[in-house]
Amino acid sequence: AAGVIQSPRHLIKEKRETATLKCYPIPRHDTVYWYQQGPGQDPQFLISFYEKMQSDKGSIPDRFSAQQFSDYHSELNMSSLELGDSALYFCASSRFTSGTYNEQFFGPGTRLTVL
Amino acid sequence: AQSVTQPDIHITVSEGASLELRCNYSYGATPYLFWYVQSPGQGLQLLLKYFSGDTLVQGIKGFEAEFKRSQSSFNLRKPSVHWSDAAEYFCAVGARRSNDYKLSFGAGTTVTVRA
Numbered sequence: 001a002a003g004v005i006q007s008p009r010h011l012i013k014e015k016r017e018t019a020t021l022k023c024y025p026i027p028r029h030d031t032v033y034w035y036q037q038g039p040g041q042d043p044q045f046l047i048s049f050y051e052k053m054q055s056d057k058g059s060i061p062d063r064f065s066a067q068q069f070s071d072y073h074s075e076l077n078m079s080s081l082e083l084g085d086s087a088l089y090f091c092a093s094s095r096f097t098s099g100t101y102n103e104q105f106f107g108p109g110t111r112l113t114v115l
Numbered sequence: 001a002q003s004v005t006q007p008d009i010h011i012t013v014s015e016g017a018s019l020e021l022r023c024n025y026s027y028g029a030t031p032y033l034f035w036y037v038q039s040p041g042q043g044l045q046l047l048l049k050y051f052s053g054d055t056l057v058q059g060i061k062g063f064e065a066e067f068k069r070s071q072s073s074f075n076l077r078k079p080s081v082h083w084s085d086a087a088e089y090f091c092a093v094g095a096r097r098s099n100d101y102k103l104s105f106g107a108g109t110t111v112t113v114r115a
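Chains as they are written, first to last, in my numbering: chain A, 1 to 115; chain B, 1 to 115.
By construction, these hints were calculated from the structure, which means they are not laboratory data.
Hints are not guaranteed to be accurate.
Within a straight-line C-alpha distance of at most 30 Å, the following computed DSSO-like cross-link-like pairs (lysine-lysine) qualify [stated by the list, open to error]: (1) 15(A) / 57(A); (2) 57(A) / 13(A); (3) 57(A) / 49(B); (4) 52(A) / 22(A); (5) 49(B) / 68(B); (6) 49(B) / 61(B); (7) 49(B) / 22(A); (8) 13(A) / 52(A); (9) 49(B) / 52(A).
In this text the structure is predicted, and so the values were computed from the model without any measurement.
Throw the hints in and build the complete structure from the sequences for me.
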């Protein structure tokens, strides 16, 4: 079965550079979530999109922005990178179904290293 | 908001021995409950989930978890661990609110399996 695709899998950037992470949800999934997992930490929710609109927002820095496109893929844009942004970034997707929990399926993650 | 506590940061268990990982949650009602496993450098794999019904749920890889409302717990168990079970385990909760599907994760428990 098709899974969530994230690209790139690994990314190395310098401080103050920008980075773009991409997420391709499972076909027919309309909702995308982004999580950040710092070294030795639990994943923290950043932001989510449903039908190309932001649906929820967590602890996402103002330096980060994200959007969901017409084909439902999503991009997380990170500017003015800091050392503390080094983390594993997970994308998850789900299909909206009213009245029940919309289970999330996680991608393999993008490991961002900021030097 | 919901929150999750995993009291054990690190557990070491002998191969073939039983394993139990603790998870306590805080939420005004019964949340959606999940256990994920993460091998080093890898993504999150869903082991099992509890939405409603039978409080003992079976998952993949021989894992099971029991929901206890009175204790606000969702402990993960495996009768006989294999060396391949060495990984980090995350308990997660989702709110029972429409339009709020983000997951809140516990800090994780690292499991080491000794021969």
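Do the alpha carbons of residue 49(B) and residue 52(A) lie within 30 Å of each other, as the hint requires?
Distance ~28 Å between residue 49(B) and residue 52(A) Cα, so the pair holds.
Is residue 57(A) close enough to residue 13(A), meaning Cα to Cα at most 30 Å?
Distance ~25 Å between residue 57(A) and residue 13(A) Cα, so the pair holds.
Given the hint that residue 13(A) pairs with residue 52(A), test it: the Cα-Cα distance must not exceed 30 Å.
With a Cα-Cα distance of about 28 Å, the restraint between residue 13(A) and residue 52(A) holds, given a limit of 30 Å.
Can the restraint linking residue 49(B) and residue 68(B) be considered satisfied, given a maximum Cα separation of 30 Å?
Answer holds: residue 49(B) to residue 68(B) is near 14 Å, not above 30 Å.
Given hint residue 57(A) paired with residue 15(A) - CA-CA distance at most 30 Å
It holds: about 25 Å lies between the C-alpha atoms, which stays within 30 Å.
Verify the proposed pairing of residue 57(A) with residue 49(B), using a straight-line Cα cut of 30 Å.
Holds. Residue 57(A) to residue 49(B) sits at ~24 Å (cutoff 30 Å).
Has the given pair, residue 49(B) with residue 61(B), been kept, meaning a C-alpha gap of at most 30 Å?
holds, 14 Å
Would the hint linking residue 49(B) and residue 22(A) be met if the CA-CA limit is 30 Å?
holds, 27 Å
Between residue 52(A) and residue 22(A), does the CA-CA distance stay at or below 30 Å?
holds, 14 Å
When the structure is compared with the earlier hints, no violation turns up for any of them.
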